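So you can see what is in the structure, the chains are spelled out below.
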Amino acid sequence: MSELRWNPFLGEWVITATHRQDRTFLPPRDYCPLCPSRPGAAPTEIDRSDFEVAVFENRFPSLRPVPEEPAIEGTDLQPVRPSVGACEVVVYTPRHDATLADASVTHLERLVAVWAHRTLELGASPDVDCVFVFENKGEAIGVTLHHPHGQIYAYPYVPPVIGREAEAARAHAADHGSCLWCRARAEELADGRRIVVDNGSWVASVPFAARWPYEVHLVSRRHVGWLHELEADERRDLASLLRSLIRGYDRLFDFSLPYIMAVHQRPTDGADRDDYHLHIEFYPPNRTATKLKYLAGSEAGAGAFINDTLPEQTAPQLRAAIEEAADA
Amino acid sequence: MRLWEHTGTIRSGEPLTLHSDAPDDPARTMTIERSVRDDGRYLLYYSWPVAEADDVVSEPHSEPADAADV
Chain R
9 MSELRWNPFL GEWVITATHR QDRTFLPPRD YCPLCPSRPG AAPTEIDRSD FEVAVFENRF
69 PSLRPVPEEP AIEGTDLQPV RPSVGACEVV VYTPRHDATL ADASVTHLER LVAVWAHRTL
129 ELGASPDVDC VFVFENKGEA IGVTLHHPHG QIYAYPYVPP VIGREAEAAR AHAADHGSCL
189 WCRARAEELA DGRRIVVDNG SWVASVPFAA RWPYEVHLVS RRHVGWLHEL EADERRDLAS
249 LLRSLIRGYD RLFDFSLPYI MAVHQRPTDG ADRDDYHLHI EFYPPNRTAT KLKYLAGSEA
309 GAGAFINDTL PEQTAPQLRA AIEEAADA
Chain S
4 MRLWEHTGTI RSGEPLTLHS DAPDDPARTM TIERSVRDDG RYLLYYSWPV AEADDVVSEP
64 HSEPADAADV
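Taken in sequence, the protein lines are chains R and S.
Numbered according to this note's numbering, the first sequence spans residues 9 to 336.
Numbered according to this note's numbering, the second sequence spans residues 4 to 73.
Treat the hints as calculated values from the structure; they're not laboratory data.
Keep in mind the model is a prediction, meaning the values are calculated, not measured.
Ideal Cβ placement from N, Cα and C applies to all residues, glycine included.
You may find that some hints are simply not true.
Said to hold, decoys possible - Residues from chain R shown here face chain S by an in silico Cβ test under 10 Å; the list is partial: (1) P69; (2) T114; (3) A121.
Extracted from the complex, chain R is given alone in its bound form (with noise of 0.2 Å):
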């Protein structure tokens, strides 16, 4: 069952979907559903031996092309709507035990290829407003499958963070006439501490406010608002710079650091976007190697982010990690 409920309070759609309660968790290696199937085992979600990068709908999805009517009748001041969308799984390689940390600059790159055309594809549907991809890693980060994947969910609305950020960027447009992205990077260049990493076309840095201790953002250099719009060079560079961030973010405590990757996107809804900037967003949990940073109080229940680091003393400590795990 999965519907959309609308908060009026926090004027925002939350999605339930009760069926995700049974879903696959932390299988055995030899029930991995997105391995290769194999003869004499039990079919995967894979119906071949090999393969390069898989997309798939998710057997448990949140938002489906064709939703069921909601179970329960909304009002005029909590409205309820059909969760139309899609979520997929794309599996990133058939290696069970791999990271993005393991993939080769070409892989990396054929699988950005794929992210801009599921996005192109599926924000193609005059029924989604914003193509969302998105990895989470780790058990820290409460992952169900080990096996290397991320996910794309295509919403019927822009949620509330893109949301947020392009409102944001039209009234920066509309003070100053240019974008906020592309101020922001070229203010974090001019000051340098908290730049990660600068390879051409695209710029890394923690953020001057990051709500967690290791946050970086990648922005490309030109201004472009979707994956698909990025020239070949300016995707073999976003390949190479997720190598580089994702070895060194293990690198900097000595394991795979867990993550979640949030590339935001320009939304699809037909509105007037030009001022939202394509970028993608790191989230690593841990603020030590031995402490995770969890929503508490302030951040849950206020929603006002409390950091326990600075950016200017992270960046380095994430520069020194990437030019260590480079040269490993």
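Based on these hints, arrange chain S on the given structure of chain R.
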């Protein structure tokens, strides 16, 4: 120039047109095989004709984080 373009807008649903002149652009060389499962869900395999020199997945260089580690 956009990598792929719809005839109309991104919401139009028209077929994608690829705009890429780079001969080794993975977006240009990729093949997409589509199928539909018995339960109606679609499945896509993306593949490329040439395995590039560095298109190998190396051995993991670090162990996955154990829940007890964090």
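How the hints compare with the structure:
1. For R/P69, the interface hint holds, since its Cβ comes within 10 Å of a Cβ in chain S; the closest pair sits about 9 Å apart.
2. Proximity of R/T114 to chain S holds as hinted, the smallest CB-CB distance being about 4 Å (cut-off 10 Å).
3. Restraint check, R/A121 versus chain S: the minimum CB separation of about 4 Å is within 10 Å; hint holds.
Checked against the numbered hints above, the structure violates none of them.
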